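K.L.:
Which chain is which? The protein sequence lines are P and V, in order. One point on numbering: in numbering that gives the first Met the number 0, the residue at position 66 of the first sequence is 65, and numbering is uninterrupted. One point on numbering: in numbering that gives the first Met the number 0, the residue at position 171 of the second sequence is 170, and numbering is uninterrupted.
Don't take each hint at face value.
Identical copies go unnamed one by one, so any copy, or any two together, can satisfy a pair.
Keeping only pairs whose Cα atoms sit at most 25 Å apart, straight-line, the calculated BS3-like set for lysine-lysine is [what the hints assert, rightly or not]:
(1) K247 to K140
(2) K295 to K132
(3) K309 to K128
(4) K258 to K242
(5) K258 to K240
(6) K46 to K240
(7) K258 to K243
(8) K132 to K119
(9) K119 to K312
(10) K127 to K309
(11) K312 to K127
(12) K134 to K46
The set of hints was computed from the structure by calculation and includes no laboratory data. Since the structure is predicted, the reported quantities are computational estimates derived from the model, not experimental observations.
Protein chains: 2
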Amino acid sequence: MTVAMIGTWRMAYEGLTEGLNQLKAGGHSGDAIETAIKMVEDYPFFKSVGYGGLPNAEGLVEMDSAFMDGDSFAVGAVAGIKDIKNPISVARHLSNHHFNSFLVGAGATEYAVLNGFEVKGMLTERAKKIWQKRKVEIQTKNLSPYDGHDTVGMVSLDAQGSMSVGTSTSGLFMKKPGRTGDSALVGDGFYCDSEIGGAAATGLGEDIMKGCLCYEIVRLMGTGLTPQQACDQAVYPFVEKLKKRYGKAGEFSLIALDKAGNWGVATNVEFTFAAGDGEHGAKIMMATPGEAGTTKIEPITPAWLAAYEKRIKAPID
Amino acid sequence: MTVAMIGTWRMAYEGLTEGLNQLKAGGHSGDAIETAIKMVEDYPFFKSVGYGGLPNAEGLVEMDSAFMDGDSFAVGAVAGIKDIKNPISVARHLSNHHFNSFLVGAGATEYAVLNGFEVKGMLTERAKKIWQKRKVEIQTKNLSPYDGHDTVGMVSLDAQGSMSVGTSTSGLFMKKPGRTGDSALVGDGFYCDSEIGGAAATGLGEDIMKGCLCYEIVRLMGTGLTPQQACDQAVYPFVEKLKKRYGKAGEFSLIALDKAGNWGVATNVEFTFAAGDGEHGAKIMMATPGEAGTTKIEPITPAWLAAYEKRIKAPID
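Can you build the whole structure from these sequences, using the hints too?
P.N.:
If you want it as structure tokens, here you go:
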């Protein structure tokens, strides 16, 4: 059986490559997810996940993460966890419990500490500088403070046909303390059923959760749609519905993988992602909204990648 | 146009009656929900919601609540909020914000305090005694600590055709600090679309969230099913699927109301609820699992009501 993985944003690539290697060597879909997302959490230059993630309005890094096992529907999640190196590992650990599998705030942090998860100051000097600069900009230019909310979400399929999904994020930059989005919410930010497929979301959590989009994508795949058809049909009509009913719609980007290893993506913004399977290694691609409720997918250009690399490491003045 | 409301458990009755009166007088569906749920939160003898709610393992009352406007899909939610008299009012207030509309833990409590919501010690002497007694039982009899998790969830329809849903709970008795269930999670513990209908859940949140059941019930009503058909088709097959895939299933009770004021219920336990419309006042009924994936609904007996009244006020020895 084929193995496959898909992950949100350029930042998923290195972890996804390593996860795919584990899957090719016979590893479990859940291990691949945890390995891959930990790598994203650990890399200091990804500013919306784990170490180096941008802080809340008070300057503190609060993180959300979830894990779902597509065989059993077991879910573990944390929201507003602080000072823990790998929220995805806490979320996965919690998925082994029938009770108390979703912990928020100080309770989540205390649980992680009591259970031996590595404690780490998650605010980098770089993130602190970006936060300080932004605070001044907001005050002097009367800007909306909210910008930047990129969750890493990944779906994996292993050689035994088991599927898993995981998410991790430091959430909306400059959020109010305690704010959580869709990333820890089952059906909203992620969903997985090994007999069908899995999905994960990134974008403005407050709007994504209004549509329960990950559950809907998996449900549509279960009716026989391809992951691409399911993403297109779930996401674009809902974005239009939200504009009509709510008056506006934030950024939405969704990924999906089915049990055969086929993937799909839908987005209302410029959205990079990584995907690969046992035959073809991981690749970074660019998705943009296409015509008539479709998605345009292109290879990423070396120029884009070089500019990205430069941007994430650019000095903060 | 007709007005209607449905709410989970016997405890919904008085609030629902008041909410229904507001709706009959031309009130908004959201106001009716807030009024009704506040009454449940305020009543000290309901031991799973608001004041008098049973505490977590540390003896602290942590509450979850959510509100959804079925016209706009606007959602507000809090999880793990403490010392606030009416979590439903905080949730509804948050639903007016495009960003930071779901707050957890200390951030939720601080937000409520800063915005003038009434602060109140939510642990009653009675709840404290029940907690102390339970702690001893757990230690001496080696019991599973987790028992009791009744969310009040209500759906309302007003004369303008607007629908709203709200939930409020102190969560699983003896939960770990920070534990949250389905009640604050969109699609899992509640969902509402005024063009279709709304749904709310009560039971073991950790299992309800695995199925995204409120979204699914609303979706099924949108395909033309009655609320009763939608509840039956969403809930019973999922309970079976969960037993097969997860190995067990906790308690599930779901309610739904459609835009015409028809309601439905599904449950895998003995489940009381209240419902009424503009023509017929609120009534308390009893639902139990029927044959072949159906639900049996009967009037509540005076004997049951009398025993309930006695039970919730019985001295704690």
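K.L.:
If a hint holds in the structure, say so; if it does not, say that too.
P.N.:
Do the hints match the structure? See the list:
no., hint, verdict
1, K247 to K140, "within (23 Å within a copy, 55 Å between copies)"
2, K295 to K132, "neither (35 Å within a copy, 62 Å between copies)"
3, K309 to K128, "within (17 Å within a copy, 61 Å between copies)"
4, K258 to K242, "between (33 Å within a copy, 22 Å between copies)"
5, K258 to K240, "between (29 Å within a copy, 18 Å between copies)"
6, K46 to K240, "neither (31 Å within a copy, 39 Å between copies)"
7, K258 to K243, "between (34 Å within a copy, 19 Å between copies)"
8, K132 to K119, "within (24 Å within a copy, 39 Å between copies)"
9, K119 to K312, "within (22 Å within a copy, 48 Å between copies)"
10, K127 to K309, "within (19 Å within a copy, 58 Å between copies)"
11, K312 to K127, "within (14 Å within a copy, 54 Å between copies)"
12, K134 to K46, "within (16 Å within a copy, 44 Å between copies)"
Violated hints, in rising order: 2 and 6; the structure is consistent with all others.
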